[in-house]
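S.K.: If you want the building blocks of each chain, they are given just below.
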Amino acid sequence: DAKTTQPPSMDCAEGRAANLPCNHSTISGNEYVYWYRQIHSQGPQYIIHGLKNNETNEMASLIITEDRKSSTLILPHATLRDTAVYYCIVSTNFGNEKLTFGTGTRLTIIP
Amino acid sequence: DAGVTQSPTHLIKTRGQHVTLRCSPISGHKSVSWYQQVLGQGPQFIFQYYEKEERGRGNFPDRFSARQFPNYSSELNVNALLLGDSALYLCASSPGQGVRSGANVLTFGAGSRLTVL
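Quick note, the sequences are listed as chains A and B, same order. Residue 429 is where the first sequence starts when you use my numbering, and the numbers rise one by one after that. Residue 987 is where the second sequence starts when you use my numbering, and the numbers rise one by one after that.
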């Protein structure tokens, strides 16, 4: 699986959009970008995934650059409950459940 | 519907002992994966089981073993415990192989926190 690089920490004001970047310059053509988050003392929670098109669901939006070497997770209106560690992972989508978690980005939402 | 349930939630063992951790997947999910999360790090993949067969194994010693039962629940066993085995052990389930879209959309349990003294 391709390696990802994320900033170790970020702050965001409550109510503002949180933009979390991820670099995955060695991503291969059949690898998807997945985002999970982990709130303190809980198991990771799936947020969103995509291949090359931008994706949106009820939790977040995922913007993937045209060359697929980087992506941005957007939480449109951050709340205090969004404080968590966010993991960007690249993996094939079929028959492979070995997710390689890095150290992620610790996002702190500030009141 | 119940999510992924793990037991016990917390346990304390001493070096050299054996531990068994249990996981019940979401109803209808046939695949179970196990991850180890040491404090301050991201989860590390240990095993994946699908239809009672091991489909993947991470870089862990043979002291770690697992199995999946006909009802798709799973056990993780660790023998000869070391201090370094202290961690949060996470179980995740998914519909499993053969489901082309979202195969890596895993649902994690809250974990079993193991402390080895």
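Honestly, the hints are just simulated from the structure, not real lab data. Fair warning: there could be bad hints in the mix.
Claimed, not checked - Listed below are the simulated SDA-like cross-link pairs for lysine to any residue, each with C-alpha atoms no more than 20 Å apart in a straight line: (1) A/K431 / B/G1026; (2) A/K431 / A/T500; (3) A/K526 / B/T1000; (4) A/K526 / B/G1044.
Claimed, not checked - Derived, one-sided and incomplete: chain A residues facing chain B with beta-carbon distance under 10 Å: (5) C440; (6) G443; (7) Y462; (8) Y464; (9) S469; (10) Q470; (11) K480; (12) I502; (13) V513; (14) E525; (15) G532; (16) P539.
To be verified - Label pairs and their calculated CB-CB ranges: (17) A/Q473 / B/S1059: 36 to 46 Å; (18) B/Q1027 / A/T454: 15 to 25 Å; (19) A/Q473 / B/R1008: 15 to 25 Å; (20) A/N485 / B/T1101: 34 to 44 Å; (21) B/L1025 / A/K480: 31 to 41 Å; (22) B/G1002 / A/I502: 31 to 41 Å; (23) A/L479 / B/Q1003: 19 to 29 Å; (24) A/P539 / B/L1025: 25 to 35 Å; (25) B/R1053 / A/I538: 43 to 53 Å.
Since we're looking at a predicted model, the values are computed, not measured. Don't be surprised by glycine CBs; every beta carbon is placed ideally from N, CA and C.
S.K.: None of the hints should be skipped; say for each whether it holds.
M.R.: Hints, verified against the model:
no., hint, result
1, A/K431 / B/G1026, "holds, 19 Å"
2, A/K431 / A/T500, "holds, 16 Å"
3, A/K526 / B/T1000, "violated, 30 Å"
4, A/K526 / B/G1044, "holds, 8 Å"
5, C440, "violated, 21 Å"
6, G443, "violated, 28 Å"
7, Y462, "holds, 6 Å"
8, Y464, "holds, 8 Å"
9, S469, "holds, 8 Å"
10, Q470, "holds, 6 Å"
11, K480, "violated, 15 Å"
12, I502, "violated, 19 Å"
13, V513, "holds, 8 Å"
14, E525, "holds, 5 Å"
15, G532, "holds, 6 Å"
16, P539, "violated, 26 Å"
17, A/Q473 / B/S1059: 36 to 46 Å, "violated, 22 Å"
18, B/Q1027 / A/T454: 15 to 25 Å, "holds, 21 Å"
19, A/Q473 / B/R1008: 15 to 25 Å, "holds, 21 Å"
20, A/N485 / B/T1101: 34 to 44 Å, "holds, 37 Å"
21, B/L1025 / A/K480: 31 to 41 Å, "holds, 36 Å"
22, B/G1002 / A/I502: 31 to 41 Å, "violated, 49 Å"
23, A/L479 / B/Q1003: 19 to 29 Å, "violated, 45 Å"
24, A/P539 / B/L1025: 25 to 35 Å, "holds, 27 Å"
25, B/R1053 / A/I538: 43 to 53 Å, "holds, 46 Å"
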